[in-house]
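Asks: Chain order of the listed sequences is A and B. Its first residue numbered 1, the first sequence is counted upward by one per residue in the working numbering. Its first residue numbered 337, the second sequence is counted upward by one per residue in the working numbering.
These are computed hints drawn from the structure, not numbers from a lab. If you're wondering where the values come from, they're calculated on a predicted model, not measured in any experiment. By construction, the Cβ of each residue, glycine as well, lies at the ideal position given by its N, Cα and C atoms. Accuracy of the hints is not assured; some may be wrong.
Stated by the list, open to error - The following label-pair restraints were derived from C-beta to C-beta distances:
1. G48(A) - F701(B): 33 to 41 Å
2. T819(B) - V120(A): 52 to 60 Å
3. R450(B) - G303(A): 48 to 56 Å
4. K713(B) - L113(A): 37 to 45 Å
5. L49(A) - A704(B): 56 to 64 Å
6. G654(B) - S19(A): 35 to 43 Å
Unchecked claim - If you want the footprint, here are the derived chain A segments under chain B, 3+ residues with CB under 8 Å:
7. 196–206
8. 213–224
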Amino acid sequence: MSDQTAIPLEDTRKAQRISPTVVTVATIYGIVALMIVASRLVSPSFGGLSQLETILYLSSFLVFCAFGQGLVILVRGLDLSIASVITVGGVLSAALMDGSNAGLFYVIPAILLACALIGVVNGIGVTVFNVPPFIMTMAVGIIVYSLCLGFTGGTPRGFPAPVLNDFMGSRFIGIPAPVWLLIAFAAMGTLVQSFSPFGRKLTAVGNNPEAAYVAGLPSRRLTVSVYAISAACAGFTGILLASYANGATLRMGDDYLLPSIAAVVVGGSSILGGKGTFLGTVGGAMLLTTLATILSALGIGQGWKTIMEGAVILLALILLRDTVFDSLRAVLVRKD
Amino acid sequence: MGQLLAVQDLAKRYGATVALGGVTMGIRAGEVHAILGENGAGKSTLVKILSGVVQPNDGTMLLDGAPHTPASIFAARGAGVSTAFQELSLIPHLSVAENLLLPKVSRGRFWPERRASIMQRAAAILAEWEITDIAPDAMIEDLPLAQRQRIEITRALSHATRLLVLDEPTAALPDTSWLFRQIRRLTERGVAVMYISHRLSEVREICQRATILRNGASIETVDLAGVDDAGIFAMMVGHAPAAPRSETETATGDILLETRDLHVGAIKGLNLTLRAGEIVGVAALEGQGQQDLFQALGGVRKRASGDIIVGGRSAPLGTPGKAQRTAPGIAFVPEERKADGIFDNLTAATNIVMADFASRSTGAFVNARLERNRAAKSAERVALSPRYLGFEVGNLSGGNQQKVLLARALMTGAKILILFDPARGVDVGTKQSIYAMMDDFVANGGTILFYSSELTELVQLSTRCVVLYNGQVSAEVSRADMTEERLLAAAHGPARTPPTPLREAS
Numbered sequence: 001m002s003d004q005t006a007i008p009l010e011d012t013r014k015a016q017r018i019s020p021t022v023v024t025v026a027t028i029y030g031i032v033a034l035m036i037v038a039s040r041l042v043s044p045s046f047g048g049l050s051q052l053e054t055i056l057y058l059s060s061f062l063v064f065c066a067f068g069q070g071l072v073i074l075v076r077g078l079d080l081s082i083a084s085v086i087t088v089g090g091v092l093s094a095a096l097m098d099g100s101n102a103g104l105f106y107v108i109p110a111i112l113l114a115c116a117l118i119g120v121v122n123g124i125g126v127t128v129f130n131v132p133p134f135i136m137t138m139a140v141g142i143i144v145y146s147l148c149l150g151f152t153g154g155t156p157r158g159f160p161a162p163v164l165n166d167f168m169g170s171r172f173i174g175i176p177a178p179v180w181l182l183i184a185f186a187a188m189g190t191l192v193q194s195f196s197p198f199g200r201k202l203t204a205v206g207n208n209p210e211a212a213y214v215a216g217l218p219s220r221r222l223t224v225s226v227y228a229i230s231a232a233c234a235g236f237t238g239i240l241l242a243s244y245a246n247g248a249t250l251r252m253g254d255d256y257l258l259p260s261i262a263a264v265v266v267g268g269s270s271i272l273g274g275k276g277t278f279l280g281t282v283g284g285a286m287l288l289t290t291l292a293t294i295l296s297a298l299g300i301g302q303g304w305k306t307i308m309e310g311a312v313i314l315l316a317l318i319l320l321r322d323t324v325f326d327s328l329r330a331v332l333v334r335k336d
Numbered sequence: 337m338g339q340l341l342a343v344q345d346l347a348k349r350y351g352a353t354v355a356l357g358g359v360t361m362g363i364r365a366g367e368v369h370a371i372l373g374e375n376g377a378g379k380s381t382l383v384k385i386l387s388g389v390v391q392p393n394d395g396t397m398l399l400d401g402a403p404h405t406p407a408s409i410f411a412a413r414g415a416g417v418s419t420a421f422q423e424l425s426l427i428p429h430l431s432v433a434e435n436l437l438l439p440k441v442s443r444g445r446f447w448p449e450r451r452a453s454i455m456q457r458a459a460a461i462l463a464e465w466e467i468t469d470i471a472p473d474a475m476i477e478d479l480p481l482a483q484r485q486r487i488e489i490t491r492a493l494s495h496a497t498r499l500l501v502l503d504e505p506t507a508a509l510p511d512t513s514w515l516f517r518q519i520r521r522l523t524e525r526g527v528a529v530m531y532i533s534h535r536l537s538e539v540r541e542i543c544q545r546a547t548i549l550r551n552g553a554s555i556e557t558v559d560l561a562g563v564d565d566a567g568i569f570a571m572m573v574g575h576a577p578a579a580p581r582s583e584t585e586t587a588t589g590d591i592l593l594e595t596r597d598l599h600v601g602a603i604k605g606l607n608l609t610l611r612a613g614e615i616v617g618v619a620a621l622e623g624q625g626q627q628d629l630f631q632a633l634g635g636v637r638k639r640a641s642g643d644i645i646v647g648g649r650s651a652p653l654g655t656p657g658k659a660q661r662t663a664p665g666i667a668f669v670p671e672e673r674k675a676d677g678i679f680d681n682l683t684a685a686t687n688i689v690m691a692d693f694a695s696r697s698t699g700a701f702v703n704a705r706l707e708r709n710r711a712a713k714s715a716e717r718v719a720l721s722p723r724y725l726g727f728e729v730g731n732l733s734g735g736n737q738q739k740v741l742l743a744r745a746l747m748t749g750a751k752i753l754i755l756f757d758p759a760r761g762v763d764v765g766t767k768q769s770i771y772a773m774m775d776d777f778v779a780n781g782g783t784i785l786f787y788s789s790e791l792t793e794l795v796q797l798s799t800r801c802v803v804l805y806n807g808q809v810s811a812e813v814s815r816a817d818m819t820e821e822r823l824l825a826a827a828h829g830p831a832r833t834p835p836t837p838l839r840e841a842s
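Next up, chain B with everything else stripped away, as it sits in the complex (with noise of 0.2 Å):
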């Protein structure tokens, strides 16, 4: 097979910030090609670059041998480049079929094509890429974040010819054998895919080749056959990776937060407790009402029946203000970290102490200096680098920002810690520190409840695994029988429901 994509030496800079600094890869046509590297490794700039969206400062791309320079995302498709965004780049007031067909909805010259015809044209791309699920007059906004990412992975499917990016396209999948059905599917044509992904073990069973990428250079590109996890950890990150954690005890502590027979969304009649010392897992597919139960504790959301009880009293938890003053204090990290969690445009310092100003009074007058001291211990819990207290958010990685908002909720003092998918899409190293945090939390007489949509990850770090199916405990699982296997079984539902790929509309 020939050289589909060739790049040599490409770099991008922001002002005075290198983001890109010298990659050089190939790509085969019919190859999946992975791109690893932790979070500001470069990688989202090398997608940006090869679908458009900015141009290079320096290098060459050549595109079955032709130069690959376009201006815009549609210049990139129209040379058969497409990509699906991590930041999904969907518009939530527009139709499924509508954003699938963007940016000419309508085929009529000089009167607009009637809808019937659009919808349909819209429903055999779905057809086309196997999706049963999704109506294609569905408002984007009304699905869950699994379908949008389904449908961005579509519509970037849908125009793929040459070359297909897929950015971190499993972030909130649930199950992989769809996507890479239909990568394959695509392979089979020629076509060559680019897969970004921070998991590991999905890179090993989808792609062929991988190229590490560190510092914004390119390291090395390795046949994955070849190498195992360790060695790309270290090509990664420049040294082996730290040390799996210790096994964590069964708790026995106080009961610091308990729900009775919770109503809340999709949630129907939950009854949960949380003791001090413990990391609760909760694992679920995709819209089982994880989201309702954690907006309910966090105080985001409110309950529509049944008791919320911390520190052995009701709480009501009007609002997360209320909820992080109850007696041993909730915290929660919401699952968007942009849209709910960071002010992009405040230093790391002032996000983490903004805890402080929510919660207690805080003297009249506060300065930048002020600030970085008074987050500094909170930072450290989370090893967010102190050199980084003085940056704005938005100017941070992604691992960094999730670092922020961890360290915020550590500064309310809280004792009930309550994390919607803590780690998603963060590096290793990231990964590491948040893990080494939930530790070290429970051991201080915390709990945690976490969600997570990665199922080692639950395995690794729970006490016990709650498993939530259609808004109810469907199975509650030990640390000493928990296995993947046994937790994705419970998901699925009680034992008569074949696991499906997709999951049925509610």
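Bound conformation, chain A alone (with noise of 0.2 Å):
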């Protein structure tokens, strides 16, 4: 009686079979695909396998970062100061480490606790104090760059790990060792994300933060370990780099605090917050990439390039929104 809505049930059962999810990030993966497959054109070497290892492998930083950024979007915040927590991550790996295998054990967590502590001040600024995301964090990471800035008076000592360094050129059967780790950490994220009572919670929190509160979730205690996990993948980016560049610079997060939201955005996540899945944005995190390896390649001036890039991200915006992969649904549908 009363489930007799007005949708009638075989059109909601056609519907349904495929999700509007995975009708999203099969886009985004066929748009990686047709300009890896392009970029031939570019360059007779483009095209391959190889390319797509390449890609995989120089995408990998941004996916550690994105995956934190993915989270705070997703709980409606914004983490500006991921810049300088990588910054933090390298110079602490460079300074601590200093060239010796020694203490590897205890010196990256003790690196990564450090940078999830930024995340917890700035998540109490935003829960407790509700300073909004975008200034809590900015300023955070504007303070914490400065530290960095004042520790190493200007130019960061020392060397990571040699091992770490060797990590980064190894290969294990033949594919690169950090693909590897992207590869993990791409299925450990999705898990969390799509998969887990925290991932379900954090959705919830995102998608409607009052009824978030009344369902009875600790909507606070929730914000506070986003941001703290934000920082702590920032770190762990910050490591990496630092060890596949074998040294630290100060400005070397710079090139990730955008880009990171990027790839949240183009994976398909709402900027507003309760919506996206992580492999969407390993999928943005790869388009990003895929698009700077050409447009170096063919050459082009860096205010060009950046330009290119500024209109290719907001073009995907416009053309990835619900109302496009709705309409193309309602296509599939029909077919059937």
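Bring the two chains, given one by one in their own frames, into a single complex with the hints.
Replies: In structure tokens:
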């Protein structure tokens, strides 16, 4: 009786068969694949598996920090401090490891913990003192950057552990180690974000904070933990970047802040929170990295390169909106 | 009287889903015409099409013989059709005056109109429609729901020159006399009114004819005088409604929740006892502190002073989470389903299981099937069909959304349910399921405190009824002498105060 809604059962079942999330993620990877194949036009050495490997390798750094950014965006926040926290990760690993492998197993956790604490400060500012995430994380980012500047006197010293540097260059079963790391990270991140009670709770908080509170969710604690995770991810990225470059610079995180946000949003997450998958974010990161690689190979000047990156991000956001996917789904459903 | 509005084979599809599949009906000038149907029958879609919010895929509408194809709300208004929406369309951060005069608040062509003059024009509109208790410069967000609804209706009244569409106008109104007076004034001028309501007694009072919708199609247009309630229900649901529920005995179970001299918001020194096995109804006119009481018991609002004793122990109830984790457990279902209740782009199953996520550790991983299985039992208790569990809640009808919220409350395992108007604006079938769930819940040792804006509901369900007036208990009515008249009288305060249709502004 009351179950008779206006939605006839047949239609909805068909529409339900293809979930919108699957369509979104598949589209993004489809675009990445197309771009890689099309890049053969740019250079004959492009378009093959080796280029795919390079892109996966390069996008791994972005993927690591975009995971945290994605969770923060999921709860209606934004983390602008990650550029500085990446620098913290890099500077600390260069300084503390100081070119030796000894103590690696407590230095890495210590660095991650220090970074997570920065995130906790962000989270407390946002939840307890109600500072808008934008302002809070930007302020913390500036402070942390200045601390790095003072700590290093302008030039970071030391080197990360040689083991880490070797790791970044090594291969297992013919595939670079960081790519394995990326795959493991993507799997774990997907489990956390889309298949765990924790991820469900975050989605709920982002979807409707008032309802989440009334439903008895510990919204504050969840939000603080998300900022802590974001900062820890940024620290992790910093450690790997320093290991890759065998040293740290003060501006090493700058290239990852805006792309981390762009990767999340291009990956189909809502910038307003409450919706998104990590697999989409990984796809978004690959899309941005592929684009950057192609533009570099074309030998375009830095200015034009940045303009085109911006244009592509805008285009992606306009084209990858829900309405477009909905009509795509409608077409697919009709063909059944 | 001639035909004012003629609708022929109207249809609306959203992608693959059909919201309206062939509505044919007519409304005469000067008549009040009811649209009856369960939630999801297509009433809201019909309203949206008439008022220009969405455009139909098929069919025609003639208004005074001319095609009516509004492209926007303002185009519809230009044609003389104005609408008071169920989900109020007022802007919270603007004043009453600005909301009434939108989209063109200022009359000045080069220079903005003076504020005093804007307020004056708004005051004239308020006075014309007999609203004396709301100031034109009051902010919408500061007004209680009932006053906001009256403003929404007044705005529609002031623009209706041919047809006024009222979508659940009394959902938050404690009293219909004001509204019905205005409707009669309007129809005397030959304006027709389309009246959508779940409350059949109201419909019978004000409407002459009714069109029944079922599954997006018009079933029949009837003269209300010539058909009884059972006949109408039968047309709405396709069969006769369930028999009225049996009487509940007076409860003598353990005291599960007690308040002592509770002060919170407008509540001043309230003593209340909830025993296992009883449904305690709360009756009150709008604004007597019932929201504050329910929010305090649900843990949403902190009490100012006094004690709340849960399961024999004093419980501070700092947050809804803490309220859920008290010994027998308190689960709260809030007034504003959309704003405070549902997560609209999560599935129904996730929405229900969220109670588990909030209160206990639930294993490391979940997926859609696991959640559906876990939610199934609670869903069954509120008669929510399992096939909705995989749907995003935002796509379900209001009645099913409410079932999802109740299922979540049950999922917490709480023994104390605090329900604020649980059956507001839902269809007959859903109401019956909710009532059955409530009976079943107290029969199994739980206790329920519920507020309802419908007196019939209170009389039908309550073991006993507490009447609030001015933040205090003005009467407690036992099952034996519970009638709507008795509750209404007590809700208007001590006997010396004559009942007034409009509450004085406090």
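Asks: So, for every hint listed, does it hold in this structure?
Replies: Comparing the hints with the structure gives:
1. G48(A) - F701(B): 33 to 41 Å: Holds: the Cβ-Cβ distance is about 37 Å, inside 33 to 41 Å.
2. T819(B) - V120(A): 52 to 60 Å: Distance hint for T819(B), V120(A) holds at roughly 59 Å.
3. R450(B) - G303(A): 48 to 56 Å: Holds, at about 52 Å.
4. K713(B) - L113(A): 37 to 45 Å: holds, 42 Å
5. L49(A) - A704(B): 56 to 64 Å: violated, 34 Å
6. G654(B) - S19(A): 35 to 43 Å: Because 38 Å falls inside the window, the suggested range holds.
7. 196–206: This one holds; 6 residues, not fewer than the three required, reach chain B with a Cβ under 8 Å.
8. 213–224: It holds, with 6 qualifying residues against the three required.
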